[in-house]
Amino acid sequence: MRNIFPLKYKTKRKLNGFLYVLPFIVGFFLCFAIPLFNTVMYSFNKVSVNDTGGMKFDYIGFQNYIDLFQSEVTTGAQPMARLFADQNLSILTNVPLIVIFSLFMALLANLKFKGRGIVRVIFFLPIIFGLDIVINMLAITTGGEWVKESSGLFSQSYISVLLMRYMDIPMSILQPVISYVDKIFDVLSQSGVQTLIYLAGLQSISPSLYEVAKIEGATAYETFWKVTIPTIMHITLFVTIYTVVDMFLKSPISEEAYSFAFEQSKIGTGSALSVVYIFNVLLVLGVVLLVLRKVVKKYEK
Amino acid sequence: MKNKTENASFGLKVYLFRKKWKNVLQSVFLFCIIAGLCFTILYPIVQLVPTIFSNIEDLGNPNVIWLPLEFSITSFRAAIRFCMPEGIMTMIKSILYAGLIMSIQVFFSAMAGYSLARVKFLGHRVVFFLVILVFLVPRQSLLLAQYIYYSHFNAFGLLKLFTAAGEINLINKPITLIMLAVLGFGVQQSLFIFIFSQFFKNIPNELEEAALIDGCGFHKTYFKIMVPNAVPAISTVAVLSFVWNYGDTYLTSYFNKDGPYLSSTLARVFSTANKDFVLNAIKVWFNVPLATDFAFDAVKQAAVLIFLIPLLLVYFGAQKWLVENLENSGLVG
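The listed protein sequences correspond, in order, to chains Y and U.
Heads up, the first sequence is in full-length UniProt numbering, so the first residue is 1 and it goes up one at a time.
Heads up, the second sequence is in full-length UniProt numbering, so the first residue is 1 and it goes up one at a time.
Keep in mind the hints are simulated off the structure, nothing from the lab.
Ideal placement from N, C-alpha and C gives every residue a C-beta, glycine not left out.
Possibly wrong hints are sitting among the right ones.
Estimated spans, in silico, between C-beta atoms of each pair [to be verified]: (1) U:G123 <-> Y:F37: 18 to 24 Å; (2) U:L122 <-> Y:P79: 47 to 53 Å; (3) Y:T219 <-> U:S9: 44 to 50 Å; (4) U:K201 <-> Y:S71: 28 to 34 Å; (5) Y:Q175 <-> U:I45: 54 to 60 Å.
The list that follows gives simulated cross-link-like pairs (lysine to aspartate or glutamate, EDC-like), each with its CA atoms no further than 16 Å apart [to be verified]: (6) U:K220 <-> U:E208; (7) Y:K14 <-> U:E208; (8) Y:K10 <-> U:E86; (9) U:K120 <-> U:E208; (10) Y:K226 <-> Y:E211; (11) U:K224 <-> U:E206; (12) Y:K10 <-> U:D258; (13) Y:K46 <-> Y:D58; (14) U:K257 <-> U:D276.
Work out the full structure: start from the sequences and follow the hints.
As structure tokens, this is what we get:
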């Protein structure tokens, strides 16, 4: 019975391997390729409901895209182009902040001190507190005075008043710094997984490297830049990509697409928005990758 | 001669003294930073105490900063009544759902990851690229087309063989979520496949060769040799998958809106549009005619704390395991 199909070991192995990824390949077509194709198709059509109940398509070329940026506005009554510009700007400023901050947290969590276990537990809590639903539910949505109080803890503190009044730091520098410090919880709540990845990377650096550095007489500062940073550079690449993707996942653009499709029943325009969105994500990732590749190569030499 | 040694020992003393103080200062500085960060993480939770534990009529009192005037758990009772219509069973069902999806995700992602990392079948590079592509394209951008497609699901026209209409409506059925997890499109599943493939890449070849010589077939090698070795990766993925599935409001609220999931129930009950309904219910249930907008926030935040309990339990149970296994989990590879 066993030798009806006498297959070579290698062929058999390849077949079995293919069997293991088969669910993903089927899923790719069912859940990704077909919806992607449909989205692109809808975006070039005026989609409406037929009399018989099915969907009706009228090809209108790029009209949906033109509408999207010329006549449509967001639910907050802003032009669409503005939404994309804001989104990209916030990603470009927040991603470096989150990446550097999570590296900092991981370095702290990797130190040896008493109570390290508890500190690690707290440092990874953002994985849980960073869930969309938790952030939304914790936000105080009513009671205006409280909202004011809880946003901008730092900008209303004595330290920042001191800085603004009595130090000769130009406002153009001070203002962004203060607003970043105010945002610290946002940054923290988005850096849970990144800290986890960095900590794993730091723990996998072989201790002998540090020993060698110590024997050679390197200071802590030199060790950090010459040993730690180069060895975790490729992790930075992964962390950055993960952060960019994660930020796009939480972007308000998806709510707009939802509003077009389900509330205003403009399926065509909503799809056009989705297509622009996908291009936007891939473009940003491409630029980030190009820049980072160069940096990583420089460090790995 | 005597003078010289005295000088030297004095110098040594100064050196030791300085070193000691430098260390002390350094540790104080570090302590401040770490304590500050921990405080910042915990602050949003701590800050809730006066809101959720005070009497609903006292809410909005500007004199209350940290400790409630009158201790009360009415907010919790209201929250339980709102989001757990079946009592504790709602939460248990939600946990079981997250656990089920988690095990499916781990099982199928591990298989796909193993195959992508170790078997050079035709086009394995292409499939690996597709996994990364799926990870990069935001899932919301395909929501609309997915929704329409699933409401007239025909599975490449294959369903014509089984049903008369040739299509079924998959929207609002629990099976949809399970199908997505099996097919590799559950919450963040392409990331999980990526983690597994990175992990299996680092396992030495000799292990597989030895298994082959001992007469193991492909499946036996995988389940008897590879899976037991993959515990670090499995535990990492399992914890992340459980947390993300339990907290997921995206797939649950679009594809199975009426399911017993705590997360999507919370999002629905406490949406801002629902505020008046919630407030009226509080007024009637607990006989507090003076409930203000603050009461809505208080009940909402009590609800999220209840929601967080199982997550925190899982997390505290698994965290040591998580961090210690991480270095071998493939996240680094």
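Now the hints, each set against the structure:
1. Separated by about 20 Å at the C-beta atoms, G123 (chain U) and F37 (chain Y) satisfy the suggested range of 18 to 24 Å.
2. A beta carbon spacing of about 48 Å between L122 (chain U) and P79 (chain Y) agrees with the range 47 to 53 Å that was offered as a hint.
3. Between T219 (chain Y) and S9 (chain U) the beta carbon distance is about 27 Å. The supplied range of 44 to 50 Å is therefore violated.
4. Judged by the Cβ atoms, the range 28 to 34 Å given for K201 (chain U) and S71 (chain Y) is violated: they are separated by roughly 51 Å.
5. One distance hint, 54 to 60 Å for the beta-carbon pair Q175 (chain Y) and I45 (chain U), is violated here, with the actual separation near 30 Å.
6. A distance of roughly 11 Å separates the Cα atoms of K220 (chain U) and E208 (chain U); the hinted pair therefore holds under the 16 Å criterion.
7. Only pairs whose Cα atoms come within 16 Å are accepted, and K14 (chain Y) paired with E208 (chain U) is accepted, the gap being roughly 15 Å.
8. Under the criterion of a C-alpha separation no larger than 16 Å, the hint pairing K10 (chain Y) with E86 (chain U) is inconsistent with the structure, at around 55 Å.
9. Taking the CA atoms of K120 (chain U) and E208 (chain U), the gap is near 14 Å; set against the 16 Å cutoff, the hint holds.
10. Taking the CA atoms of K226 (chain Y) and E211 (chain Y), the gap is near 13 Å; set against the 16 Å cutoff, the hint holds.
11. Only pairs whose Cα atoms come within 16 Å are accepted, and K224 (chain U) paired with E206 (chain U) is accepted, the gap being roughly 15 Å.
12. Among the hinted pairs, K10 (chain Y) with D258 (chain U) is inconsistent with the structure: their alpha-carbon atoms are about 48 Å apart, more than 16 Å.
13. A threshold of 16 Å between alpha carbons decides the hint, and for K46 (chain Y) with D58 (chain Y) the separation of about 5 Å falls inside it, so the pair holds.
14. At roughly 22 Å between alpha-carbon atoms, K257 (chain U) and D276 (chain U) are farther apart than 16 Å, so this suggested pair is violated.
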